[in-house]
Structure formats: structure tokens, C-alpha cells
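Visitor: Take the given structure of chain A and dock chain B to it, following the hints.
There are 2 protein chains.
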Amino acid sequence: MQRYKLVIAYDGTAYQGWQRQPEPAPTVQRTVEIAAGRIVNHPVTVRGSSRTDTGVHAMGQMAEMEAETHLEPNRLRRAINSRLPEDIVIREMTLAEPEFNIRAAVRKRYRYLIWAAIDRPVFCRHYLLHYWHRLTLAPMQEACRLFVGTHDFAAFKGKSDERENTTRTIFACGIHQRGPLVVFSVEGSGFLYHQVRTMVGTVLEIGHGRGGWKPERVPEIIASKDRQQAGPCLLAKGLCLQWIRFGP
Amino acid sequence: MQRYKLVIAYDGTAYQGWQRQPEPAPTVQRTVEIAAGRIVNHPVTVRGSSRTDTGVHAMGQMAEMEAETHLEPNRLRRAINSRLPEDIVIREMTLAEPEFNIRAAVRKRYRYLIWAAIDRPVFCRHYLLHYWHRLTLAPMQEACRLFVGTHDFAAFKGKSDERENTTRTIFACGIHQRGPLVVFSVEGSGFLYHQVRTMVGTVLEIGHGRGGWKPERVPEIIASKDRQQAGPCLLAKGLCLQWIRFGP
Chain A
2 MQRYKLVIAY DGTAYQGWQR QPEPAPTVQR TVEIAAGRIV NHPVTVRGSS RTDTGVHAMG
62 QMAEMEAETH LEPNRLRRAI NSRLPEDIVI REMTLAEPEF NIRAAVRKRY RYLIWAAIDR
122 PVFCRHYLLH YWHRLTLAPM QEACRLFVGT HDFAAFKGKS DERENTTRTI FACGIHQRGP
182 LVVFSVEGSG FLYHQVRTMV GTVLEIGHGR GGWKPERVPE IIASKDRQQA GPCLLAKGLC
242 LQWIRFGP
Chain B
2 MQRYKLVIAY DGTAYQGWQR QPEPAPTVQR TVEIAAGRIV NHPVTVRGSS RTDTGVHAMG
62 QMAEMEAETH LEPNRLRRAI NSRLPEDIVI REMTLAEPEF NIRAAVRKRY RYLIWAAIDR
122 PVFCRHYLLH YWHRLTLAPM QEACRLFVGT HDFAAFKGKS DERENTTRTI FACGIHQRGP
182 LVVFSVEGSG FLYHQVRTMV GTVLEIGHGR GGWKPERVPE IIASKDRQQA GPCLLAKGLC
242 LQWIRFGP
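The listed protein sequences correspond, in order, to chains A and B.
For the first sequence, the positions run 2 to 249 when this note's numbering is used.
For the second sequence, the positions run 2 to 249 when this note's numbering is used.
Only chain A is shown next, with the shape it has when bound in the complex (with noise of 0.2 Å):
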């Protein structure tokens, strides 16, 4: 058995999120590891990174999978693409360093996509939140540096997250617009469930104006912990994992 070191990219419209379900539902992961398995012929088991959200996409998810095979690493993800449907290919394929660590990625870098203007988007639809609603750029600049540092993101947390430790450390934010589209991107060492469609949904809120919210509304939505201050969970189809990385 040799262990490898994945870099998939996907457009996650059709997919219930990376995770495999108990029910059979189509998921990313499960998607992969039948293709995998058929080339290699034996049952393979594909651990990611990142267990993006029912919807979301991924220009650079990192994954592992042992196999058995004859194959040069860059043959075998050619096969298994081969195998693969239109909207999953595995990127880069190689030969995982001994000490590589699926679960010890060091910094994560997520982009959303949002279409700003009246008549909605008819191209690449699916990978753009539309928004109708006037938006100022300066005021989301701002906001967006003041999401950078360590800090207990309670407050951007989705339900489900289960997780003790919700302080996460952001080392990049920003915004910027061409024409109708506004690309949002923000690097961190890890996020929490919905907490990078709950902070656009905030910058978005921010860049409305509605109901006064200024820049300096972020640092008091981290300092209240509170879910209920901050701005809504955009839609999953905006959110796209662009790359992963591990160790220093």
C-alpha cells in the first residue's frame, strides 16, 4: 500500500458537500472513492481537509487515499479522472511524504463571489451570489481588516459546529470589486462551520448600510459571542475553497 497526496477541485452545485453520509446521498468524497476504487480494484478510502458545506466548490481540496497499484502517481489520476464525472478532477496527484499530516493543514484560503447588480447573473450562475441592493466598497474594506487577528469567532458559528475551541486566527481579508462582481477572500488557520458565508453575509450588511451598521459593528459582534448579532449565512453557492496549505 502506498499512501497519496490529492489536490481535487470541484463544482459542488450537484453534490450534498465533501463528507460521505450514512445515506446515500452524493457527496465528493464518496464520488471520488468509487472512482478510485474501480482503478485500483480494491475498496479506497479518500480523507480531505476541509468537509466543505452541501453546495460549496473547491479549486484546491487536499485529500489522502492509500492504494495499491503499479501505477506512477500522475497515471493513476489520470485513470481515475477518466472515471470521474465532468465536475470533479483531481489536480495534482503524488506520493505523500512520510510525515504529511491530512489533519494538520496550517492555513486555509476561501473566496465568495457576489454578482451586484439589478438583473441577475445568466453565466456561471452557479458560482455567484446575487445581489441586488446598493453596496460602498470603503466600509467592507474596513470591516474586512478588522476580522484580522485571533479571536473567538462564536459569533460566526453555525449551529451545528460542535466544537469547544472557537477561536480561530485570520491572517488575511479583503474585498475588492471589477465591474458588477465583488470578490471577497479571507485566509485563516481553520474556520468553523458557516463562519466565512457568515462573515460576508456581515461585510455585505456593512456595505448596505442597513440599519447603520458601520465598520467597528465587527470587533463588537466577536466581543458579544453572540450568533444573533452577526449578519445572516449566504448561500453555500457563492463559497469556494481555492487552497490548503501544511507545515510551515
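Because the hints were derived from the structure by calculation, they are not lab data.
Any given hint might turn out to be false.
[Unchecked claim] FRET-style restraints, in silico, Cβ to Cβ:
#1 A:Glu165 to B:Ser186: 50 to 60 Å
#2 B:Ala118 to A:Leu72: 13 to 23 Å
#3 A:Asn102 to B:Asn75: 50 to 60 Å
#4 B:Thr95 to A:Ala106: 51 to 61 Å
Just so it is clear, CB atoms sit at the ideal spot from N, CA and C, and this is done for glycine as well.
Guide: Okay, now just chain B, sitting in the frame of chain A:
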């Protein structure tokens, strides 16, 4: 009754082209007619400028329709948009000038997108042709230049086009690359059935160099007036009608 001029964008993936079919097939024309009819409470006929083919997209299809309504054009537009599926949107709607003639287009621009990489694209894959052979840009750019001018395009015509006059003028034609994305653009007085897709198919053969094809093949193919001499008609999904101009 008032006459309106429309600019329509659509994702053609789910449609059997623009043109209403005798059998009840989903077409963009029929879908817009039904939505408009529901708003104005009478049957509506929408006439388009270009009969885009099954699976072809549009950013700027032009159309006209007549309706009896008290709504001002932009309100009417938004009302119809609210009844349209998410893959079609009316971008503009204005009262048509008396001299406006939907059949009198003078210039149209099409774009064809190619994903030139070994691995298939998982995002926006319905708008890209995946081409995994090696491509060289310079001969393709030269081939594009050789299309410019007024020529008999009989060699680039699909079988079902029965128009006698196969002479068309190409005002501009070019191709460029940004990473794995190759963008082909062409502006002309009008196009024969399958003409653009066969032009791109020919340009890719030249870029691949298969069979020793050089840019000079373009005038040779044009002169032959023989469909067998040109490259293949590529998949519809890479093609998008960008805009149409009327009048001088």
C-alpha cells in the same frame, strides 16, 4: 400596440436554440414569448435577429416584440424578467424607433472559448470547449487575419443552410490566450449556419499543426468552396453571440 427593441442574454445549455420549433421543444424564443404573454395578457411574438443553434449562448441577442401595456419599457422589462427562468434575462428594453428593422443587422460579433489544458475545466464548463492537444498561438493569429475581407464562405457552411448567397464580410477576427483560456473573436456582416464554429475548428487544426496545416490553408479552403476542405464544426457550448449592431 407598441413595438419594443430588446437585448437578451441567455445560457443556451438547456435550450434547442433560439428559434421556436414546431414540436414543443424548449427554445429561448418560446420561453420569452410565454413570459411576456403572461405579463401583458395577450399572445406575444418575439422576433430575434440571430437564430442561434442548440446549446449556443448569447450576451447580446437582439429582438423585437409588440405589446399592449401601460407599463413603461423598463418596468415591463423587469416584470418579464421576473417570469423568466434564471438562464435568460432581458438586459435592455426600449421603444423601437419607427425605422428599426430587426432583419437589418449590419454587424455581429461572436466569441468562442477554448480551455486548452490537459485537465478538463470543472467551473463554467458549459461555456468552454476542452481542447487537450498542444496549440501554437502565432499561426492561429495569422489564420484569423486571413479570414478578414469579403469572401464566399461556402466551404464553412453547414449542410442545412440553403441560402444561395454564401458571400459574407469579416470585419475583424482574432485569437488570444490568458493561461489555459483561449479566446477567439470574430465580427462580420452576418454568418452562415455553422460558419463560426467551422472557422474556429479550422483555426485549431492550424494551431495544432495536424496534417501540416499552415495559416495559408485558410485562403485555399475559401477558394475551394468545398466543406470537406475545412476543419471540423466545433461543439456549440463554446460559442456566444456577443452583440449585434443596426444601421450605419
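Visitor: Any of the earlier hints contradicted here, and which numbers?
Guide: none
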